[in-house]
Amino acid sequence: MNKIEIQNLNLFYGTFQALIDVNIAIEEKMITALIGPSGCGKSTLLRCLNRMNDLIDGVRITGKILVDGSNIYDAKTDLIELRKKVGMVFQRPNPFPLSIFDNIAYGPRTHGLKNRNELEEIVENALSRVHLWDALKDKLDRFALNLSLEQQQRLCIARLIAVTPDVVLMDEPCSALDPVATGKIEELMYELKRHYTILIVTHNMQQAARVSDRTGFMLLGKLMEYGETGQVFTSPKEKKTEEYITGRYG
Amino acid sequence: MRISSKTAQKIAFSFLGLAAVIVIVPVIVIFAILIQKGLPAINWQFLTAMPRMGMRAGGIFPAIMGTIYLVLGTIVVALPIGVLAAIYLVEYARRNWWTRMIEVAIVNLAGVPSVVYGLFGMGLFVIFLKFGASILSGSLTLSIMILPVIITASKEALSSVPRSFREASLALGVSKWQTIRYVVLPNALPGILTGTILGISRAAGETAPILFTVAAFYLPRLPKSIFDQCMALPYHLYVLSTQVPNVSQKVQYGTALVLVGLVFILNFFAVVIRSYMRSKKQW
Numbered sequence: 001m002n003k004i005e006i007q008n009l010n011l012f013y014g015t016f017q018a019l020i021d022v023n024i025a026i027e028e029k030m031i032t033a034l035i036g037p038s039g040c041g042k043s044t045l046l047r048c049l050n051r052m053n054d055l056i057d058g059v060r061i062t063g064k065i066l067v068d069g070s071n072i073y074d075a076k077t078d079l080i081e082l083r084k085k086v087g088m089v090f091q092r093p094n095p096f097p098l099s100i101f102d103n104i105a106y107g108p109r110t111h112g113l114k115n116r117n118e119l120e121e122i123v124e125n126a127l128s129r130v131h132l133w134d135a136l137k138d139k140l141d142r143f144a145l146n147l148s149l150e151q152q153q154r155l156c157i158a159r160l161i162a163v164t165p166d167v168v169l170m171d172e173p174c175s176a177l178d179p180v181a182t183g184k185i186e187e188l189m190y191e192l193k194r195h196y197t198i199l200i201v202t203h204n205m206q207q208a209a210r211v212s213d214r215t216g217f218m219l220l221g222k223l224m225e226y227g228e229t230g231q232v233f234t235s236p237k238e239k240k241t242e243e244y245i246t247g248r249y250g
Numbered sequence: 001m002r003i004s005s006k007t008a009q010k011i012a013f014s015f016l017g018l019a020a021v022i023v024i025v026p027v028i029v030i031f032a033i034l035i036q037k038g039l040p041a042i043n044w045q046f047l048t049a050m051p052r053m054g055m056r057a058g059g060i061f062p063a064i065m066g067t068i069y070l071v072l073g074t075i076v077v078a079l080p081i082g083v084l085a086a087i088y089l090v091e092y093a094r095r096n097w098w099t100r101m102i103e104v105a106i107v108n109l110a111g112v113p114s115v116v117y118g119l120f121g122m123g124l125f126v127i128f129l130k131f132g133a134s135i136l137s138g139s140l141t142l143s144i145m146i147l148p149v150i151i152t153a154s155k156e157a158l159s160s161v162p163r164s165f166r167e168a169s170l171a172l173g174v175s176k177w178q179t180i181r182y183v184v185l186p187n188a189l190p191g192i193l194t195g196t197i198l199g200i201s202r203a204a205g206e207t208a209p210i211l212f213t214v215a216a217f218y219l220p221r222l223p224k225s226i227f228d229q230c231m232a233l234p235y236h237l238y239v240l241s242t243q244v245p246n247v248s249q250k251v252q253y254g255t256a257l258v259l260v261g262l263v264f265i266l267n268f269f270a271v272v273i274r275s276y277m278r279s280k281k282q283w
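Respectively, the protein sequence lines represent chains A and B.
Residue numbers are given in full-length UniProt numbering: position 230 of the first sequence equals residue 230, and the series is strictly consecutive.
Residue numbers are given in full-length UniProt numbering: position 218 of the second sequence equals residue 218, and the series is strictly consecutive.
These are calculated hints, taken from the structure and not from any lab test.
Glycine included, every Cβ here is placed at the ideal spot set by N, Cα and C.
One or more hints might be untrue.
[What the hints assert, rightly or not] Distance windows between CB atoms, simulated:
#1 PRO37(A) - ARG163(B): 56 to 62 Å
#2 TRP98(B) - LEU55(A): 18 to 24 Å
#3 THR15(A) - GLY111(B): 37 to 43 Å
#4 PRO179(A) - LEU84(B): 44 to 50 Å
Please model the entire structure based on the sequences and the hints provided.
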C-alpha cells in the first residue's frame, strides 16, 4: 500500500528550480532510500514531506504530496498534526540541552500530557525501542549532550518515537557517526521498519544498498530512477544511475 | 635611517600597551579617590537615615530607595516590552523595509542623548499624560532610554540559539510559539538577563532623564505610591555638588561611592550570570 504519493512536485528557491516534476510512491513499512550527488535535491525533497521547507523564505512549491490520501499542501492542512505523523531525524544529532528524560518527554509534554506515570512509560518504551533503556535507565536525569554521538542520535529517534509518528524521515542520519555506530543505527532502522515507514536520504551508497527496500536516484532536481533496491543497484535502467553507483561521479 | 623590523615591533607593542594602560588608569583613579574620600562617610546611619540640616548631615536613605524604586519600575516596564519586541524581530518579522525601519529606529534610539529623553519624558508622561513628576513618569522615561540596549542584547541572545534546536522542536509537531517558549527562550535567557542588567545599571546612574520627570530636590521621606516624586542618587549627588553650599566633601564623595557601588554591584551580577551561562552552555 502506498503511504505517500508525490505527484508532479516542483520546488523553487526564488528563481532556482530545485525539484523538477518529481513523481514517486512510497510504500508503507518499507525503507526507501534517496541517493544522488550533493545538491541533487534529495534533502529538499525529504523536507517537503513534513513541510520543513516552509521555514525558508522565498520557497514556492507546486504539485501534490498525498500522505494517507490527503494533500499536505492543502490550505487546511494542520502543520502540527502533519509533523506529529511525519517525524524527522536530522543529519547531526540535535538533542535539546536538557536531561535525557526531558528530551523524550518534550514532545508529549508540549502536546499536553502531564501525568508523570504516563510520561515515564512513554520514555521507557521509546528508549527500549532504540535499545538505550538498559544503558540509560538509571541515568535519565543526566544531561543529554554528554552522551556519545551514536547515543545522541538514538535519543533523537526515541524523542521522535515518543510522539508516535507513522513516517520517519532521516536526513543523512549517520553522516556524523563512525562506521561501527553507523552499522548499529542501520540495524535499528531495519527493526524500526516493522512499525514505521522510513525514508532515508544518504550519501552512502553502501548504506542505501544495505538497508533499503526501494531506492530513488536523483540528479539535478529530477528523480532519474526509482525501483526495488536490488534492481537499481544491480541492473539500473538509466545510464546516469549506473555511472553514479559505480562511482564515475558523485 | 631604517628601523629594523624587531625595533619597529617593539615600538608598536609599546604603543599598544600604553593605550591599554591609559584605558584602565581613569577607572583605577576614580575608584581610588572615591574610596579614599568617600569611605569615611559610609556607615550604617549614612545608608539608612534621612538627610538632615539641608542635606549636609544625616543619611541618604531616601535617595538610595528612590533609585531602587526607579530601577525596579524600569525593569517591570522595559524587560517585557524589550524581550517581546526582540522575539518578534528575530522569530516572526519578515526581512522587509518595515523590519529594517524598526531596526534603524532602535539603533537611533540608542544614540539619542539622555537629556532629550528627559525632556521627552516630561512632555509626554508628566504633562500630556498628566502622570506628574512621579516614579511612574521617571521609570517610563528610563525604560524608553534602555529599550534599545535590552532589545539588542535579547536579539543577539535569541539568534545565538542554534537553528537545529528550533528544527528539532518544530519537526516534533510543536507549534512555533511553543518552540519559542520552551526551547528558544530558556536558552536565550542568560544573554537576555545580562543585557537587561547592563541597561538597568546605566539607567540607575543617569541624571538627565529623571531630572524633569521624577527627581525631588529634597524629600526627607519615602514615596507612598508610584505617583509620588522621589529622590534619586545621581540627582542627589548633582544637588550636593552644585546646589547646596557648605556640604562636606565627605558626604559628596560618600554619595558618589554609594552610586558607583550600586552600579558596580549590578554589573557584577551581569558578569556572574554571563560566566555561569558560559560554564553551563554546552552547544
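### Query
Taking each numbered hint in turn, which are not upheld by the structure, reported in ascending numerical order?
Failing hint: just 1.
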